[in-house]
Every structure is written in structure tokens, then in C-alpha cells.
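Student: In terms of our numbering, the sequence shown opens at residue 486 and continues consecutively.
A portion of the hints provided could be inaccurate.
What the hints assert, rightly or not - Distance windows between CB atoms, simulated:
| no. | residue 1 | residue 2 | range |
| --- | --- | --- | --- |
| 1 | Ile616 | Pro540 | 18 to 26 Å |
| 2 | Asp679 | Gln549 | 14 to 22 Å |
| 3 | Arg704 | Phe588 | 54 to 62 Å |
| 4 | Val680 | Ser511 | 21 to 29 Å |
| 5 | Val573 | Asp679 | 48 to 56 Å |
| 6 | Arg552 | Asn676 | 29 to 37 Å |
| 7 | Glu499 | Lys702 | 51 to 59 Å |
| 8 | Lys655 | Glu592 | 45 to 53 Å |
| 9 | Gly633 | Asp570 | 40 to 48 Å |
| 10 | Glu507 | Glu546 | 27 to 35 Å |
| 11 | Asn517 | Gly668 | 24 to 32 Å |
| 12 | Gly504 | Val573 | 21 to 29 Å |
| 13 | Ile677 | Ala565 | 21 to 29 Å |
| 14 | Ile594 | Asp570 | 25 to 33 Å |
Rather than coming from a laboratory, the hints here were simulated on the basis of the structure.
Every residue, glycine too, gets a C-beta built ideally from N, C-alpha and C.
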Amino acid sequence: MELLLVEDNKKISEFMIKGLEESGFSVTLAENGVDARSQINERNWKVILLDIMLPDIDGIEILQYIRYKKIKTPILVISALGDPDDKVKALNYGADDYLSKPFHFKELIARIYALDRRMNMSYENSSDILICGDLKLYVDEHKIMRKGREIILTIQEFKLLKFLMENKNKVVSRTQILNSVWGINHDINTNIVDVYISYLRNKIDIDGENKMIETIKGRGYRIKS
486 MELLLVEDNK KISEFMIKGL EESGFSVTLA ENGVDARSQI NERNWKVILL
536 DIMLPDIDGI EILQYIRYKK IKTPILVISA LGDPDDKVKA LNYGADDYLS
586 KPFHFKELIA RIYALDRRMN MSYENSSDIL ICGDLKLYVD EHKIMRKGRE
636 IILTIQEFKL LKFLMENKNK VVSRTQILNS VWGINHDINT NIVDVYISYL
686 RNKIDIDGEN KMIETIKGRG YRIKS
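Model the full structure from these sequences, guided by the hints.
Tutor: Dropping the structure here:
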């Protein structure tokens, strides 16, 4: 399970990373709001652990930004601000849970797993799912699954795969892909489509099985179920 920890206090972040990694989590640290925003845009996370008092962009602004971007990753606020009004404010701005410092580490682990279970239940109940063979794309949650394994994609990779799956078993040209994924003003002579198709293949294909994305010479690409 990949976690993003947003925490500017070095002692606290070192303590949390050590404990979380010993518990089997993969943790990436963002030490300020600007770095956190960049990490959130770059990839999908299972859970975001967010401090409120940050040196530049505070945690409430980060919360607002995440929900404004329609990113539904579970957010656990971990803050020294323990007043009920602080908790209510964070929850109203989009936090899923709130844990006051200092905390018991076992409680932190339990809350992370609870948030993940809740999100998985929402995936199962979601009707906004694209399916191509054993590959599933959850549109609202920006989640990709194949044979029980989650596939982590960047935003552009996700948009490309979504476009292909919306047109599964159809050939789509490079120009169609450029217009849909990168915008109509993008340079039509670029090789960015071919580069990102290669990125996708490296992530979604399984050794020993046929490649899901076909190259149709002179025409474009097709993802087949």
C-alpha cells in the first residue's frame, strides 16, 4: 500500500516512516505543501496522511485543492490541533478522518486500513467502471486493477488508457489520441503518443500473455478485450 505523508517536522516524519515501513507500507514524504501538491498530481495514492500546520501552503488549502481536483483518495489528517472545531473544519473541507498528535501507532495503522477498506467498498459499488478483459478502470477514483493487482499510472497515462478503453476493439489514430488526451493545439508531429503507449504497455501487460494494446500499422492503436 503506497502512502503519501505530508509532514514538515523531521523527527515526526522519521518516526512515522520507520513505523509504517516496518508495518509493510511504502511511504513517500512531502515536507511542505508545494511538494505535496506536486506529488498528488503526479500519481495515485492509497491514503494521504496530512499535517495541517505546514510552512507554505497549509493543510486545509491542500485538502481544498485535492477535492477541487476531484481526487477521491482517502485523507487522514494527523495534527497537533486537537480542538473539536479544528477537527470539524478539516472534515468539512474533505478529510475522511482525523487523528490528534500524539497518537498510538497501532491506532494509526488501524485507521489507515479502515480508510482503505471503505474506499475498496466504494469501488465495488461504483457503476462508472470501464472493463477490457481482466483490466478494470475506475473512472471517478482514478484506479486501475488487473487480476487483483493495482496499477499505478500518471495522470496522462490514465487519460490515455481511459480513451483507449472507451474505444475498446476500435482502431484510434494518433491524431484522435492527441486531440482527446493532450488537446487539439498539441504538435501533431510529436511522438508523445508512441512514447506513452510504450509506458502503458510496460505497466499493464503481463509476462506470457498477449499484449493488450495493438499497433495497427499506418492507422493507430487498438486495445482489445
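Student: Could you run down the list of hints and mark each one as holding or not?
Tutor: Evaluation of the provided hints:
A beta carbon spacing of about 44 Å between Ile616 and Pro540 contradicts the range 18 to 26 Å that was offered as a hint. For Asp679 and Gln549, the Cβ-Cβ distance of about 37 Å falls outside the hinted range of 14 to 22 Å, so the restraint is violated. Against the hinted window of 54 to 62 Å, the Cβ-Cβ separation of Arg704 and Phe588 comes to about 57 Å, which satisfies the hint. At roughly 26 Å, the beta-carbon separation of Val680 and Ser511 lies within the given 21 to 29 Å, and the hint holds.
In this structure the supplied range 48 to 56 Å holds for Val573 paired with Asp679, their Cβ-Cβ distance being about 50 Å. Between Arg552 and Asn676 the Cβ separation comes to about 36 Å, which falls inside the hinted range of 29 to 37 Å. Our hint of 51 to 59 Å for Glu499 and Lys702 holds, since their Cβ atoms are close to 53 Å apart. About 50 Å separates the C-beta atoms of Lys655 and Glu592, a value consistent with the hinted range of 45 to 53 Å.
Taken as a hint, the range 40 to 48 Å holds for the pair Gly633 and Asp570, whose Cβ atoms sit roughly 42 Å apart. Separation of Glu507 from Glu546 is about 32 Å and conforms to the stated range, judged on CB atoms against 27 to 35 Å. The beta-carbon spacing between Asn517 and Gly668, approximately 30 Å, falls within the hinted interval of 24 to 32 Å. As the Cβ distance of Gly504 to Val573 is approximately 28 Å, the hint placing it in 21 to 29 Å holds.
Between Ile677 and Ala565 the CB atoms are about 45 Å apart, so this pair departs from the stated range of 21 to 29 Å. Remark: the range hint 25 to 33 Å for Ile594 to Asp570 is upheld by a beta-carbon distance near 27 Å.
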